[in-house]
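The residues making up each chain are set out below.
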Amino acid sequence: MNTTPRLELQGMTKIYPSVIANDSIDLRIYPGEIHAVLGENGAGKSTLMKAIYGVVKPDRGRILWNGKPVVIQNPAHARKLGIGMVFQHFSLFETLTVTENIALAMDDSPRLEPLAERIRTVSADYGLPLDPERLVHSLSVGLRQRVEILRCLLQEPKLLIMDEPTSVLTPQAVRTMFDTLRRLAAEGCSILYISHKLDEIMELCHNATIIRGGRVTGYAKPAEESAAGLARMMIGKELPVCSQKRPQISGKTSLTVNNLSTKSADPFGTDLREISFSVSEGEIVGMAGISGNGQQELLYCLSGERLVDDENVITMYDVPVGRLNPDQRRNLGLGFVPEERLGRGAVPGMSLTENTILTAHRHGMVKNGLLRFRRAAEFTRRCITGFSVKCGSIEDPITSLSGGNMQKYITGREILQQPKLLIVSQPTWGVDIGAANVIRQAMIDLRNNGSAVLVVSEELDELFEICDRLIVIAQGRVSPSLQVRETNKEEVGLWMSGMFPGGPKEKTAHSPQEPGSHVC
Amino acid sequence: MFVKIEPRPEPSRVMKYCSPLIAALLMLISGLIIFTLLGKDPMQAFFAFFIEPVHDLYSVGELFIKAAPLMLIGTGLAIGFRANIWNIGAEGQMALGAIFGGYIAIIFHGSSSHFVLPLMILCGAAGGMLWAAIPALLKTVFNANEILVSLMLNYVALLLLELLVHGPLRDPNGYGFPQSVLFSDSAMLPILIKGTRLHLGVLISIIGVGIGWVFLEKSFTGYQLQVAGLAQKAATYAGFDYKKLIWIGMLAGGLAAGIAGVLEIAGPIGQLLPSISPGYGYAAIIVAFVGRLHPGGIFLSSLLMALLYLGGESGQMNLDLPSAVTGIFQGLLLFYLLAADFLIYFRLRITRRQRKEG
Numbered sequence: 001m002n003t004t005p006r007l008e009l010q011g012m013t014k015i016y017p018s019v020i021a022n023d024s025i026d027l028r029i030y031p032g033e034i035h036a037v038l039g040e041n042g043a044g045k046s047t048l049m050k051a052i053y054g055v056v057k058p059d060r061g062r063i064l065w066n067g068k069p070v071v072i073q074n075p076a077h078a079r080k081l082g083i084g085m086v087f088q089h090f091s092l093f094e095t096l097t098v099t100e101n102i103a104l105a106m107d108d109s110p111r112l113e114p115l116a117e118r119i120r121t122v123s124a125d126y127g128l129p130l131d132p133e134r135l136v137h138s139l140s141v142g143l144r145q146r147v148e149i150l151r152c153l154l155q156e157p158k159l160l161i162m163d164e165p166t167s168v169l170t171p172q173a174v175r176t177m178f179d180t181l182r183r184l185a186a187e188g189c190s191i192l193y194i195s196h197k198l199d200e201i202m203e204l205c206h207n208a209t210i211i212r213g214g215r216v217t218g219y220a221k222p223a224e225e226s227a228a229g230l231a232r233m234m235i236g237k238e239l240p241v242c243s244q245k246r247p248q249i250s251g252k253t254s255l256t257v258n259n260l261s262t263k264s265a266d267p268f269g270t271d272l273r274e275i276s277f278s279v280s281e282g283e284i285v286g287m288a289g290i291s292g293n294g295q296q297e298l299l300y301c302l303s304g305e306r307l308v309d310d311e312n313v314i315t316m317y318d319v320p321v322g323r324l325n326p327d328q329r330r331n332l333g334l335g336f337v338p339e340e341r342l343g344r345g346a347v348p349g350m351s352l353t354e355n356t357i358l359t360a361h362r363h364g365m366v367k368n369g370l371l372r373f374r375r376a377a378e379f380t381r382r383c384i385t386g387f388s389v390k391c392g393s394i395e396d397p398i399t400s401l402s403g404g405n406m407q408k409y410i411t412g413r414e415i416l417q418q419p420k421l422l423i424v425s426q427p428t429w430g431v432d433i434g435a436a437n438v439i440r441q442a443m444i445d446l447r448n449n450g451s452a453v454l455v456v457s458e459e460l461d462e463l464f465e466i467c468d469r470l471i472v473i474a475q476g477r478v479s480p481s482l483q484v485r486e487t488n489k490e491e492v493g494l495w496m497s498g499m500f501p502g503g504p505k506e507k508t509a510h511s512p513q514e515p516g517s518h519v520c
Numbered sequence: 001m002f003v004k005i006e007p008r009p010e011p012s013r014v015m016k017y018c019s020p021l022i023a024a025l026l027m028l029i030s031g032l033i034i035f036t037l038l039g040k041d042p043m044q045a046f047f048a049f050f051i052e053p054v055h056d057l058y059s060v061g062e063l064f065i066k067a068a069p070l071m072l073i074g075t076g077l078a079i080g081f082r083a084n085i086w087n088i089g090a091e092g093q094m095a096l097g098a099i100f101g102g103y104i105a106i107i108f109h110g111s112s113s114h115f116v117l118p119l120m121i122l123c124g125a126a127g128g129m130l131w132a133a134i135p136a137l138l139k140t141v142f143n144a145n146e147i148l149v150s151l152m153l154n155y156v157a158l159l160l161l162e163l164l165v166h167g168p169l170r171d172p173n174g175y176g177f178p179q180s181v182l183f184s185d186s187a188m189l190p191i192l193i194k195g196t197r198l199h200l201g202v203l204i205s206i207i208g209v210g211i212g213w214v215f216l217e218k219s220f221t222g223y224q225l226q227v228a229g230l231a232q233k234a235a236t237y238a239g240f241d242y243k244k245l246i247w248i249g250m251l252a253g254g255l256a257a258g259i260a261g262v263l264e265i266a267g268p269i270g271q272l273l274p275s276i277s278p279g280y281g282y283a284a285i286i287v288a289f290v291g292r293l294h295p296g297g298i299f300l301s302s303l304l305m306a307l308l309y310l311g312g313e314s315g316q317m318n319l320d321l322p323s324a325v326t327g328i329f330q331g332l333l334l335f336y337l338l339a340a341d342f343l344i345y346f347r348l349r350i351t352r353r354q355r356k357e358g
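Going line by line, the protein sequences match chains A and B.
According to this note's numbering, the stretch in the first sequence is residues 1 to 520, in order.
According to this note's numbering, the stretch in the second sequence is residues 1 to 358, in order.
Note that these hints are calculated values from the structure, not bench results.
Even glycine gets a Cβ: it sits at the ideal position worked out from N, Cα and C.
One or more of the hints may lead you astray.
Computed footprint of chain A on chain B; a stretch qualifies when at least three of its residues, placed anywhere within it, have a C-beta under 8 angstroms from a C-beta of chain A [to be verified]:
1. 25–31
2. 85–96
3. 229–235
Computed cross-link-like contacts, SDA-like style, restricted to lysine to any residue with a CA-CA straight-line distance of at most 25 angstroms [claimed, not checked]:
4. A:K57 <-> B:R347
5. A:K420 <-> A:E339
6. A:K390 <-> B:L230
7. A:K367 <-> B:I344
8. A:K57 <-> B:L230
9. B:K233 <-> A:K57
Going by beta-carbon spacing under 7 angstroms, a handful of chain A positions derived as facing chain B [unchecked claim]:
10. L307
11. G322
12. D327
13. N331
14. L332
15. G333
16. E339
17. G343
18. R344
19. V347
20. L358
21. N368
22. G369
23. L371
Based on the provided sequences and hints, a complete structural model is requested.
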């Protein structure tokens with residue numbers, strides 16, 4: 001390795017009116033190094049990366065690029081220096097082709113045909129095959145991420161920043177991406193890898209800088225540390241463990257979906273095809289699948305935000321609910337945490353207390369048509385203490401919460417209503433480890449008290465941790481169910497790409513090698 | 001040089017309440033400039049416009065008489081506006097209220113029963129709601145745009161009123177003038193304070209604003225309307241019945257406008273005329289927005305708007321100003337308010353040259 005760091009940060013400090021996002025952070029990354037930046041949500045990782053990419057101006061501190069101090073003005077300047085960034089959320093135009101999308105992001109306006117040719121070569125070169133003529137809306141999420149990575153690779157970066165890149169990938173796709181990153185590193189490119197997934201970091205990264213509360217709490221060589229050790233540095237205490245205690249499944253079915261098919265209203269959405277499954281009291285059923293495979297559409301039908309033509313297709317506790325609206329379904333004992341927090345699960349422009357009324361109003365918060373704010377405030381207080389929601393006061397606007405805290409609040413609001421059937425989409429998405437455990441524990445407790453829980457998540461680790469059964473959704477079809485104890489991530493990963501009995505790619509399916517031997 | 005419009009990272013909450021004040025101030029400044037350009041002494045114009053109309057008890061009474069229909073209709077409209085239900089038809093709904101209420105007054109002409117006035121108000125309310133039900137029905141059944149439907153119905157309603165006053169409801173002994181009989185005392189709102197024209201309708205309007213406040217701020221239905229306005233998807237997520245909310249939002253406006261129509265003819269006017277409102281139904285839209293769709297704010301902004309009406313009249317009489325001056329002030333106020341509101345959420349940035357965006 002070279003002795004001059006590719007990038008060195010000295011005493012980087014960024015102060016926001018209410019919080020010190022970065023407090024004199026030092027970081028050093030050498031050519032060819034894969035360097036992890038590890039930290040919980042709100043630890044200051046994103047601010048730090050934005051400072052490197054020129055989006056945020058630091059208040060104090062220096063950036064040295066190849067040993068020379070630089071002031072990075074804006075992202076275009078960062079790109080000129082050779083810094084590329086793959087964001088967690090893609091910024092692609094669905095109606096344009098791969099080439100057109102990449103051309104849009106380039107600082108000079110390139111001609112399209114030679115660019116397509118380059119995309120073809122570079123993508124083949126790195127083992128990321130991609131057809132440059134394809135329209136983005138027809139690409140899976142994994143392929144879309146490929147577009148974003150290629151967009152950076154074409155600029156021949158010296159430093160590549162990856163922000164939580166695996167959250168949308170199947171285990172198999174994660175492998176491919178890791179191979180690409182190792183290959184890039186071997187060619188001398190430095191990689192800053194932001195994540196809170198310890199196993200990935202331990203496998204991939206050479207070095208790690210751990211951040212907590214805006215400060216560096218440690219530097220480590222992930223391969224030499226234990227997951228528990230890294231977690232301790234990251235959250236400052238021992239990792240809480242969920243207590244499981246599996247109860248007897250009572251067998252009473254709380255949710256059945258019987259041959260549900262819909263046409264998606266969105267031209268780029270997914271049609272649901274002949275979906276059937278059920279969830280019983282006292283069990284947590286996980287629905288795995290890469291986002292965009294029909295989860296959204298299915299959840300709209302389950303919650304009642306979209307009605308289905310035949311009321312018998314969906315039943316809750318033997319009541320046909322296909323034509324009932326969400327309010328009526330809640331009266332039957334449904335709780336629902338949607339994927340979108342702001343604007344759907346919570347109302348922007350309202351306080352926490354007012355947002356509590358949104359779904360919890362049936363718990364004594366309305367009398368003679370008038371609101372009882374004291375009841376709502378009481379409930380809200382229970383929610384923020386029970387789910388450690390960090391907020392100034394319950395009268396603060398909901399928009400003052402960070403994404404993770406809002407998720408905790410909404411999940412807490414639904415769970416505290418003691419639903420008989422809880423449907424949760426991405427329960428711990430963007431939530432830090434400590435709080436994720438609180439949410440998981442609450443779902444387990446709910447199950448142990450005899451409720452039925454359906455969890456839709458992209459995070460296989462999470463599903464394997466808390467679920468009793470798994471089903472997989474791919475291209476609008478749902479697989480038969482798997483007992484968690486009798487399957488493994490490889491099998492579920494294959495099923496996620498559609499290779500399951502009755503799945504869209506059933507013919508290419510092969511039985512996974514010895515189920516159980518690859519449990520991670 | 002290029003001017004770029006970009007969203008502000010954090011819209012100020014304080015400015016949300018200050019922007020009506022800024023708008024009023026800018027309106028005032030622009031008005032004074034206009035007066036100067038017209039060759040009037042700006043101070044004299046200012047006095048005629050804003051001080052003259054409130055210099056004694058009688059004038060203050062007049063102010064409230066003008067403000068009453070504005071605050072009542074403004075509150076009714078705000079109920080719909082909060083849920084993004086845009087009832088622009090208050091002017092027509094007011095006319096329908098006047099027709100229904102006036103019809104009662106005419107058929108009970110000469111009666112001294114105490115029930116005539118309450119019956120007029122009930123029928124007027126029904127008339128306003130009936131007219132508002134048309135856009136509500138078309139929107140819930142056919143998804144027709146309520147702005148267009150309610151707006152066009154205004155013209156229908158005003159022509160209907162004119163037709164009736166020229167025809168069946170005309171005073172048979174009125175020498176052919178297009179007006180109804182003068183209402184009997186039993187159909188007239190009693191005067192509250194001697195020496196003014198301040199009538200019971202003003203009190204009814206203020207009570208109406210109070211009821212609106214309870215409804216909007218304290219009731220569950222008001223909460224649902226607010227949620228639907230702020231985030232339609234959240235309302236669907238919670239299972240609030242949007243069609244029901246459309247009906248409530250439209251009918252609330254119709255109810256308020258219908259009553260306001262009755263209060264006008266049973267108050268200051270005292271009979272049915274071809275025209276019973278100087279555009280209160282439209283001005284109330286401005287009142288609702290300047291008042292931030294909040295009944296307390298609407299009460300204050302209705303007084304400001306009433307002052308503009310009176311100031312316009314006083315300006316015409318004392319300074320020879322054209323009658324369009326009231327409309328100009330109303331327009332300025334709304335224009336500045338929309339601009340100020342826009343700048344709460346966006347800011348302008350001047351860049352020297354266009355930078356290539358990456």
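**Asked** Taking the least C-beta to C-beta distance, is N331 of chain A closer than 7 angstroms to chain B?
**Response** violated, 9 angstroms
**Item:** Status of the E339 of chain A interface restraint (C-beta, 7 angstroms, chain B)
**Value:** E339 of chain A check fails; min Cβ-Cβ to chain B is 11 angstroms, beyond 7 angstroms.
**Asked** With a cut-off of 7 angstroms, does the beta carbon of G369 of chain A approach a beta carbon of chain B closely enough for the hint to hold?
**Response** Constraint on G369 of chain A satisfied, holds at 5 angstroms.
**Asked** For the hint on G343 of chain A, does the least C-beta distance to chain B fall short of 7 angstroms?
**Response** holds, 5 angstroms
**Asked** Holds or violated: the stretch 85–96 of chain B covered by chain A, criterion of 3 or more residues with Cβ-Cβ distance under 8 angstroms?
**Response** The restraint on the stretch 85–96 of chain B is violated, since only 0 of its residues have a Cβ under 8 angstroms from chain A and three are required.
**Asked** Has the given pair, K367 of chain A with I344 of chain B, been kept, meaning a C-alpha gap of at most 25 angstroms?
**Response** Distance ~37 angstroms between K367 of chain A and I344 of chain B Cα, so the pair is violated.
**Request:** For the hint on N368 of chain A, just tell me whether its beta-carbon gets within less than 7 angstroms of chain B.
**Result:** violated, 9 angstroms
**Request:** With chain B as the partner, please determine if L307 of chain A meets the hint condition of a C-beta pair closer than 7 angstroms.
**Result:** violated, 11 angstroms
**Request:** Take the C-alpha atoms of K233 of chain B and K57 of chain A, compute the straight-line distance between them, and say whether it is at most 25 angstroms.
**Result:** Given pair K233 of chain B, K57 of chain A is violated - Cα atoms ~36 angstroms apart, limit 25 angstroms.
**Message:** Please check whether the stretch 229–235 of chain B has three or more residues whose CB lies within less than 8 angstroms of a CB on chain A.
**Reply:** Since 4 is at least three, the answer is holds.
**Message:** Check the hint pairing K390 of chain A with L230 of chain B against an upper bound of 25 angstroms on the C-alpha distance.
**Reply:** holds, 24 angstroms
**Request:** Using 7 angstroms as the Cβ threshold, decide whether L332 of chain A counts as touching chain B.
**Result:** Violated - the Cβ of L332 of chain A stays beyond 7 angstroms from chain B, reaching only about 12 angstroms at its closest.
Going down the numbered hints, you'll see the structure goes against 1, 2, 7, 8, 9, 10, 11, 13, 14, 15, 16 and 21, while the others check out.
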